[in-house]
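In order, the protein sequence lines correspond to chains V and U. Just so it is clear: in the first sequence, position 59 is 59 by our numbering, and no numbers are missing. In short: position in the second sequence from 1, add 1000, done, that's our numbering.
Rather than coming from a laboratory, the hints here were simulated on the basis of the structure. Any given hint could be a false lead.
Just a few of them, taken from the derived set where beta-carbon distance is under 8 angstroms, the chain V residues facing chain U [stated by the list, open to error]:
id, residue
1, Lys28
2, Phe50
3, Val71
From a predicted model like this one, the values you see are computed outputs, not experimental measurements. We put the CB at the ideal spot given by N, CA and C, even for glycine.
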Amino acid sequence: MLDLLEDRTANDERVQAVRLADLEREEKTRRNAVRFIRAMWIVVAMLLLFNSSQLVTVVNGFGVGPLQDAVVALSTTWNEQMEKNGLTKPVAIIRATVERWRSTDWTELKASIAPQTPRREGAIELRGALGDAKG
Amino acid sequence: MLFPTLEFGIFFLIVFTVGWGLRALPEPRKYFLVGASYLFYGWWDWRFTALLFATTLINYLGGLALGSLARPGLRKLVVGITVAVDLGVLAFFKYYGFFLTSLDTLLTTLGLHRDLPFMEIILPIGISFFTFQGISYVVDVYRGHVAAERSLLDVMLFKSFFPQLVAGPIVRAADFIPQLHAPARLTREHVAVGTVLVLTGLAKKMVIANYLATDLVDPIFFDPTAVGALDLLIGIYGYAVQIYCDFSGYSDIAIGVAALLGYRFRENFDQPYRAASLQDFWRRWHISLSSWLRDYLYIPLGGSRYGEAKTYRNLFLTMFLGGVWHGAAWTFVFWGSFHGAMLGIERFVKSKLDELAPPNADEEGPLTRLGNFAQHVVGVIWTFHFVCFAWIFFRADSFGTARDYLKGLGDWTGPHDHVTPFIVGLIVLGMLFQFTPRNLGRELAVTIRALPSPLLGLLLGAGIIAIWAVAPEGVAPFIYFQF
């Protein structure tokens, strides 16, 4: 994969072409940097919306002080709002699912993947009941 | 500052934005990156930034002196002094306590007990990595592989660049410094490769390595006598997968972050558990260290140039010192020595087998192909188990723990509460990474190369949130931070 990072224009000998390529490269670099900065801000927005509980955990480690208290209060309120609007649900569902997998033991796993055999107890009970009636 | 934290996320957002904002001004950009790297390093303990600077200055001055001197004797003296200072600093911080404790034990055993000058020494994080980088710079200048760098700033950035500073990969001056002389550029490929590597690295570390550590490896190695043989057996496999995912995960993130800042590092892992021999394993595991040991230790010792006996000696010494590099403990000494001895035995057996049945490239019948395949499969299984056996000593905090571990493997009557379907699933998943097509990551990078920024952001955001949601609570430090 790292071969994708190789500079394929490094051996170009024509000076004018190299200059043009440099300008083009500079423009491409600018565009790609802006592209990734935009992508990172989208990540920040997504984390604030869907993973707000993590924000509360982080700001709680800031220590004590008027500014810190304000930040903690703000992030707690923000997290409550996100919870109220159901945005923290996807993360909670993933966590719960993983926790369920984590606590599954071999017996439960066997039971969950074993083929479902038709229940016969009902018929046996019924037969038994008929027998009793006859007896 | 650990990679998989919000602090690092904010730090990287600022470094990326300002760093690329300064792209038209190369010198201020380098000052900024050096400042960011020192901040990153000082986050643990700011006092050690002085140590980092001092060793960098020594390497820089050593390089300058080598660049201006012509007499071979003087050049040898300068490189010797510089390497000795580097190794002296490493020895003091890393091995002083170990040396005195071992000496104390020896003297007490011999009935010659003395009061020794013990000191509380804090191990500076990443010292083994940046010391090896410094040595490689000076030796490369001495050998003429790289020109002596006139700019202190460039040497500082080479040695302190934050993605590789604390746990590698060990970057070579000949690879990195020329990149500092060229204009910084960011292509779609850099962005795609960086995104793929950061996401895969986070998944390996935060999900697979952290769950295996907390649910299996840590409790088992804490007291191997308290668990049954099945737990112990799966515990070794678990540790093999954990250390791979932990360290290769760190390397992936480091290489990815460097790519996003426009720099290229070499690959550090290449599916090591698919190796069919120990020699092959060391070509795939921690490649930057094994190639460093080869170029700066094995080859200067004579390599394989002076006969079989000296080759075995050099192999053993190289691996022995590789073990010592990892940590100041006898368990690491054993680990390195074991690998050294086994590499020698493997080389001997292979040469004897080749004498008995010379490999013949002309024979390409179906039976030969089947035989070669079977030999390869046996080689992979055999090598993996050799490596796993050695990992017991690498992970155990003492020989006593390692002995208990090995003893417990013979007793199949104990409980096995740690081997759950979830843990087995993670081990299988971790092992699957070893046998996926080699260019899978490349294909992923090519696929996302053309994505517009909103889609790229959604992909990166969804990936990070999913990893965060699946991973256990808290952030465990990377295993290789202790080295």
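Right, here's what the structure says about each hint:
no.: 1; hint: Lys28; result: holds, 6 angstroms
no.: 2; hint: Phe50; result: holds, 5 angstroms
no.: 3; hint: Val71; result: violated, 13 angstroms
Consistency with the previously given hints fails for number 3 only.
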